[in-house]
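K.L.:
Here is what each chain is made of, one letter per residue.
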Amino acid sequence: MNSASVGAVTSDTAPTNNGAAAPAPAVSVKGLTKRYGEIEAVRAIDFDVARSEVFGFLGPNGAGKSTTISMLCTLVRPTGGGALVAGHDIVAERDAVRRNIGLVFQDTTLDGYLTAEQNLRLHAELYGVPRETVAPRIQQVMEMVRLWERRKSLVGTFSGGMKRRLEIARGLLHSPRVLFLDEPTVGLDPQTRSSIWSYIAELKQREDITIFLTTHYMDEAEYCDRIAIMDQGRIIVLDTPEALKASVGKDRVQISTPDNRAAIVALRERFDVEATIAEGAVTFGVPDGEQFVPRLFAELDIPIKSVAVSRPSLDDVFMSYTGTTIRDAEATSTDHMRNVARMMAR
Amino acid sequence: MAATETPSGAPTATPAGHPSAPPGHPVAQVRVPARSLAGELRAIRVVWRRELIRFSRDRLRIATSLVQPFLFLFVLGTGLSSLVSASTHGVNFKTFIYPGVLCMAVMFTAMFSAASIVWDREFGFLREMMVAPVRRSSIVLGKCFGGATVAAFQGVIVLAIAGLVDVPYSLGLMAELFALMVLLAFAITAFGMMAAARITQMQSFMALMQMAIMPMFFISGALFSVASLPRWLAILNRLDPLTYAVDPMRRAIFAHLAIPAAARHALAPGVTWFGWHVPSLLEAAVIALLGLAMLAVAIAEFSRAE
Chain A
1 MNSASVGAVT
11 SDTAPTNNGA
21 AAPAPAVSVK
31 GLTKRYGEIE
41 AVRAIDFDVA
51 RSEVFGFLGP
61 NGAGKSTTIS
71 MLCTLVRPTG
81 GGALVAGHDI
91 VAERDAVRRN
101 IGLVFQDTTL
111 DGYLTAEQNL
121 RLHAELYGVP
131 RETVAPRIQQ
141 VMEMVRLWER
151 RKSLVGTFSG
161 GMKRRLEIAR
171 GLLHSPRVLF
181 LDEPTVGLDP
191 QTRSSIWSYI
201 AELKQREDIT
211 IFLTTHYMDE
221 AEYCDRIAIM
231 DQGRIIVLDT
241 PEALKASVGK
251 DRVQISTPDN
261 RAAIVALRER
271 FDVEATIAEG
281 AVTFGVPDGE
291 QFVPRLFAEL
301 DIPIKSVAVS
311 RPSLDDVFMS
321 YTGTTIRDAE
331 ATSTDHMRNV
341 ARMMAR
Chain B
347 MAATETPSGA
357 PTATPAGHPS
367 APPGHPVAQV
377 RVPARSLAGE
387 LRAIRVVWRR
397 ELIRFSRDRL
407 RIATSLVQPF
417 LFLFVLGTGL
427 SSLVSASTHG
437 VNFKTFIYPG
447 VLCMAVMFTA
457 MFSAASIVWD
467 REFGFLREMM
477 VAPVRRSSIV
487 LGKCFGGATV
497 AAFQGVIVLA
507 IAGLVDVPYS
517 LGLMAELFAL
527 MVLLAFAITA
537 FGMMAAARIT
547 QMQSFMALMQ
557 MAIMPMFFIS
567 GALFSVASLP
577 RWLAILNRLD
587 PLTYAVDPMR
597 RAIFAHLAIP
607 AAARHALAPG
617 VTWFGWHVPS
627 LLEAAVIALL
637 GLAMLAVAIA
647 EFSRAE
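Here the protein sequences line up with chains A and B, keeping their order. Reading the first sequence from the start, the letters are residues 1 to 346 in this note's numbering. Reading the second sequence from the start, the letters are residues 347 to 652 in this note's numbering.
Calculated directly from the structure, the hints in this document are not laboratory data. Note that the structure is a prediction, hence the values are computed from the model and not measured. We put the beta carbon where it would ideally sit given N, CA and C, even for glycine. One or more hints might be untrue.
[Said to hold, decoys possible] Computed, partial: chain B to chain A, Cβ under 10 Å:
| no. | residue |
| --- | --- |
| 1 | 377 |
| 2 | 378 |
| 3 | 399 |
| 4 | 476 |
| 5 | 479 |
| 6 | 521 |
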């Protein structure tokens, strides 16, 4: 959809930035660590986010994404390392960071007893938005998320999608330099999800803003300029979606058989292919999936019930770097990690 | 689908009256000012006003929090009148318990206001305030003032019916009662905030409040005279902060009644510390100091870095 802006950007060249020579990164993270007792939720991560970039943090629940965002937003104090957000230190200059960031949390932080407009007005005053700009700015952000007509309605009467849109509008109200979106589309229906993404795309065109988001929807990560894949508190790989998919270099083939274990052994012995069981099917990668399938039927002496070939997706990227699909990673992530994630969400 | 514009809301449509937006650029770019005292005061005002808006939306709450005081005043007050008439020296029993009921109305409203911060935490709104570039103390202060204002408003409703229970509408008396009420409302909200800093669940918070309020109310002498209590109850009574709100109120009211000195002596004897009569002003100071101390604890708790 917005592939033009993604283009052939690679990990070491920042997206073009109107003339300014070597602009300071919007977010710069060095050795950031957070420990909760025994658990290392975030383990010494390093990365930079360029100005005006849409940067995605991808990973299963409990991977440490929310903790990282909470630290960058000054809500959680890091155990080690540090970071600059909009040029300010997240520990020493908390206030300066807060003035320059907008936040949309995973769960709603609106006041349902107030109207949409009152919610925004309250935010504007908390942030000290100059009086004369409050009204036009509120109108502008509410029109952007198509909620201007509903400004007098109580937020308690809004649907989940409307609330999320209003929160995005609120996050933008004080013209932050970096907008953090923690799982902006979680729990929304597909139609609302795609409209949220169209707002983000529109936003990118209109304002000079860097967007930092987390998601565990692989298909949504495609909208990002660059993605960092996070698992178990570490950044495993960081690049553009195109480069990541190209790095897999293989199509994904999934077959279902009556005896999956025998199929894996047969694949290894006959085709020299390492397969695993993912989502209940034997899964493996081969360079030319379509041409491989006829050979498979001819030479594998185990009956095949069904077969699916797909071009590399970010799912495969995740799989090739972590050895598991993101859905399986979530299913097996221990309750403990989930509790940590929940603690973070507070 | 990405960049479809609504016909009216093209990005260049500068809202009227906004000067410095060059065409083709996003309008109304905002610069958030650095932290300042004015900013903190504004934050206090914002949080305060939100409490008022929320309260005004919640008509049911305004009504329900008046039920209990009115039950005590008119049902219990009327019912017990005949029973206690022998010992009230001709003074209306409802007049006697009126200051206690006034305190009760204020306490319940203040508690509910403080409870809203637990609510805010549960529903995330607290976080919106916590990440704003303002001091946590401003948020706590705003909440506290908001709760106190709302509770005082509730008290005024009870104050308005003073005539029904033979309390004269003298300006001086009303002013004194109102001032004490505001003080109590502030202290109770501070107490609630202090508790809410630690308690994250609504059920536990409400249970704790019930546990705190009812004993405070009964021990304070809201329903009886503190003159000749058994020793254990006298000690508890002097330790109960609410005593120092009920007592000056009652003495103020009795000072405005045309009754014999013996009646005044028996019904509103005043609180004593080891035989020394505590003056009203000192009693008010006790409430104020307690309120400030609890407020300080609440601020410290909320300011702790996560």
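K.L.:
State the violated hints by number, sorted upward, taking the hints as numbered earlier in the document.
P.N.:
The structure breaks only hint 6.
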